[in-house]
Amino acid sequence: MSETALTLYNTLTRAKEHFAPIDPSNVRMYVCGPTVYDYAHIGNARPAIVFDVLYRLLRCTYGADHVTYARNITDVDDKIINRARRDFPDLDLNEAIGKVTSETEAQYQADMKALGCLEPTVQPRATDNIPQMLEITASLLERGHAYQATNASGLNEVLFDVDSMPAYGGLSNRKLEEQQAGARVAVENHKRNAGDFVLWKQSADGEPGWDSAYGYGRPGWHLECSAMSARYLGETFDIHGGGLDLIFPHHENEIAQSCCAHGTDRMANVWMHNGFVQVEGRKMSKSEGNFITVHELLHTDKFGGRTWPGEVLRLAMLMTHYREPLDFTVRRLEEAETLIQKMRRRQAEPDEGSVSELVAALSDDLSCSAVLRSLGSLSGASLAAATELLGIDLSQDAGDAATIETAIAERLEAFKAKDFATADRIRDELKSQGIQLKDGKDPESGDRVTTWEML
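When we follow our numbering, the leftmost residue of the sequence shown carries the number -17, and every step to the right adds one.
Among the hints, a few may not be true.
Derived DEER-like restraints, expressed as beta-carbon distance ranges [what the hints assert, rightly or not]: (1) Gly197 x Gly152: 26 to 34 Å; (2) Leu73 x Thr388: 38 to 46 Å; (3) Thr311 x Gln91: 23 to 31 Å.
Quick caveat, the hints were computed from the structure, so don't treat them as lab data.
From a predicted model like this one, the values you see are computed outputs, not experimental measurements.
Virtual Cβ for every residue (Gly too), placed ideally from N, Cα, C.
Generate coordinates for the entire structure from the input sequences, incorporating the hints supplied.
Given below as structure tokens:
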């Protein structure tokens, strides 16, 4: 076990704190994972990368066998149902939902692997934890924290009563009356309070669901994470992570359900949240035309006119402190790529520096600026160990000369066809592998000739 003191910013207390695990032999972390109805975008990628780095740091500090990391898969949700109906109108709804969730989850796992993320210890699916959700619902009803009501569609709902929990709002630091005024849900007659939220809702005809004492139905989104975290990590655990947008209402509601159902004063001791992601200075949205998925970055030329290696995307995400807003730009990716090329060269040099400096920097609330300074002083085996801790793969080589010459020949053909976009793409792909092209002219024929060298 490392003796480096670990400090983390706790959203719950609004302060950086020394991290002291409940049980050092089993440090437990839960991070909200994807709702598998669409490909992961760069906003989804940021928490996956940030908390993967924390997972690696915890493993380094406490030992790989003494850390349990759970990241859930939400595979039952209204968005999933709507996507299934849209994409597979001729299929049975349950079959269509199965196709959407299985294909989307597989793509998510492939994308996260390409970004250098380790597989979490466990990745529970919501639909495999329905009994646990019903147990929490029953406990909340029995303890007087929930009630049943019929909604405007005539369907039964079990709702959490926010007035029953005096500490409600402690994470978001918002008073109940402020939450009511800012609630995104309409004030519905069947609710006691506008902020009351669904634990279980009866399914309409033809919709998926499970049998329960409250009718054939399905869980509310917030309930899923409470059930899965308790099942795999315990009623109280060490760290809960996610994006800043999840503080309210999702994480606030998780705390309410979990604490009231289990009779505890905390669900997790440390709550960590990464900042928002924007693209080239603008909020990312489909209406802005700058909605970018990880898959598109890895495999198409949608952003910057070229594909981007996973290690470049990862480092670009880590160049901004995780709690700060991140502006995702082509320039930032180019900077990350240049830094990776430099590290690849230094990896072949004699060993210099100590990875302990980087561990110390990461241990200060994942301080990225200090980490990057540390990387600049490392080479050889020390650099290799440091980049492994960050999850940055430096193993990619430049390829053999025949492959490079083939790419150069294809680029020359593209020039002849005046296909400059393809020519530029080939040049940029080779550059990302550490290969610099130099164009010139044959002194006799005047034809374009291209040579190459390692950066």
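Going through the earlier hints one by one, which of them does the structure break, listed in rising order? none
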